[in-house]
Amino acid sequence: MADLAEQSQYDSLVQKIYQDADFDFVGVAIQDRLNGGQIRWRHVIGNISQRYRRIILRTGLGIAGLVIRTGEPYFDNHLDQQPQEFMYTPITVVEKLTAAAAIPIVDPTTQLVTGVLLAGYRDNRNVTHATIAKLGYYLKHSEHHQSS
Amino acid sequence: MLEMSNWVMENFTRASDAMFIFQDDQVLLMNDLAKDLIDQSQIDLDYLKAIVLTYIKRDHSESDDCFGCAIKGQLSNITIPVTLNKDSDTPLSFSLVYQQLSETQNVYTITLKSLVAKQRVDQLAMQKSLIQYINRAHEDERKHISEDLHDSIAQGIFTAIMGIGRLVSEQATTSKAEFANQGELIQNQLREVLNEVKGMALDLRPSALDDLGLVPALKTLIQRLQENTGIKITFINRLQAITVPNDIAIVLYRIAQEAMSNAIKHADTDEITLLLLAHDKRVSLEVIDTGTGFDTQKMTQPNGRSLGLLNMNERVKALNGVFTIDSKVGEGTSVKVEFPVRSAHLEA
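The listed protein sequences derive, respectively, from chains H and P.
Be aware that the first sequence starts at 1, since it is given in the numbering used here, and climbs by one per residue.
Be aware that the second sequence starts at 1, since it is given in the numbering used here, and climbs by one per residue.
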């Protein structure tokens, strides 16, 4: 039951961000409690392909992977200049994003990083610290909303 | 008739072999290629004549047992292998053909079959760039492994060590629940490192290839690539009971890997199909994508991508296989490789 509630929480979170702010893509990747803790993109909006469904996020690779590893927010406005990973295409490449910002999703009880919230643009608009703050606000609000 | 001789002349001028016509010591005529050869390679005509004369002299000398014999009398030309520019970086090997046109007027031709030499020079240049490419690829791979070891594995282990250190020093003051939490965190970190080590080992050389064979190795590779890229990869296996010899299996695996990696990097595709088929005494592997494709004509000029393909081609040729690439802009790409397999490998 908790899983279902969590799922609808993230679904409405990405929808709210997508509607309120004018990002081209918003997604949440979250750790699967089964399947050896795989991290997959479960809640996505503004996608241009279905490839995200098959991707298993690898920690340390791509923006989302870096956020998962470090537990710190991260943003990049020059994604097209990033060297291509060896045999790996991060979500920003699959979704042809030029700029993206991502923040960690931390389990409130264990304080472990269990996922990532990522939003970005395809048309060379820039993301900033303000984008990170905005994503943080939405995430906090949705968690607060969830617990109340 | 005049027109006819014009055509004959034209044919002479444009012939793919260098041709000289001599009377006595003087050049009467030479074609375009002969002129080019003299201009570019500083070929000494006197040297060529000297070679021919030595041969004629030798063949007609009194000591030659065959002098005047019936067969020799009917030979109108002689062929001599010569190497010009021996001392330079690019020695040119020719078959020199001497043919007499008129004995009374002492008119004769010398033809240098140059095509072979030209091909050889091209081949050498190609080999050179191929070796450079392979060396660079090796270096890149080492760099990649080194970066992976340093950035993810060393980093992960370092973090775990720090975590354990904190756990030990704070064990008296932390609560049981917090202690367990920290333990789980470290466990997760180490599990992650373990997965990365496994992934690296797989990228380098899949043990499945040696232990379980080609098909399970390809399945593992496909699953990993699907998870890494989100591209849907369909594997159609009709190998049936054929056991592919080990050296061919390795090349098939590497070609599948290289072709799929090319498709992932360049083709902008959502789907790749891999076909592994057994025919009568042959096995074939085909990697098909529905992506952007490319102009195969433009791939004759070596660049990073075509050298990768050329390298694949060389590996296939070394095992008597056939390698083909079919691609059109906007219509996707198909890379196909086929190997002969002795029926001894066919299991009943």
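Because the hints were derived from the structure by calculation, they are not lab data.
Ideal Cβ placement from N, Cα and C applies to all residues, glycine included.
You may find that some hints are simply not true.
What the hints assert, rightly or not - DEER-style ranges, computed between Cβ atoms:
hint : chain 1 : residue 1 : chain 2 : residue 2 : range
1    : H       : Q82       : P       : N11       : 50 to 60 angstroms
2    : P       : I157      : H       : L34       : 43 to 53 angstroms
3    : P       : K298      : H       : Q111      : 51 to 61 angstroms
4    : P       : R136      : H       : Q19       : 47 to 57 angstroms
5    : H       : K96       : P       : E147      : 24 to 34 angstroms
6    : H       : K96       : P       : K35       : 12 to 22 angstroms
> In this structure, is the beta-carbon distance linking I157 of chain P and L34 of chain H contained in 43 to 53 angstroms?
Replying inline: violated (27 angstroms)
> Cβ-Cβ distance between K298 of chain P and Q111 of chain H: within 51 to 61 angstroms?
Replying inline: holds (55 angstroms)
> Should the hint that K96 of chain H and K35 of chain P are 12 to 22 angstroms apart at their CB atoms be regarded as holding?
Replying inline: violated (55 angstroms)
> Taking 50 to 60 angstroms as the hint, is the beta-carbon distance of Q82 of chain H and N11 of chain P inside that range?
Replying inline: holds (58 angstroms)
> That 47 to 57 angstroms hint for R136 of chain P and Q19 of chain H (C-beta), does it hold up?
Replying inline: The hint (47 to 57 angstroms, Cβ to Cβ) holds, given that R136 of chain P and Q19 of chain H are roughly 49 angstroms apart.
>> Tell me if the beta carbons of K96 of chain H and E147 of chain P are separated by a distance inside 24 to 34 angstroms.
In response: Cβ of K96 of chain H to Cβ of E147 of chain P: about 26 angstroms, so the range 24 to 34 angstroms holds.
Taken one by one, the earlier hints fail for this structure at numbers 2 and 6, listed in ascending order.
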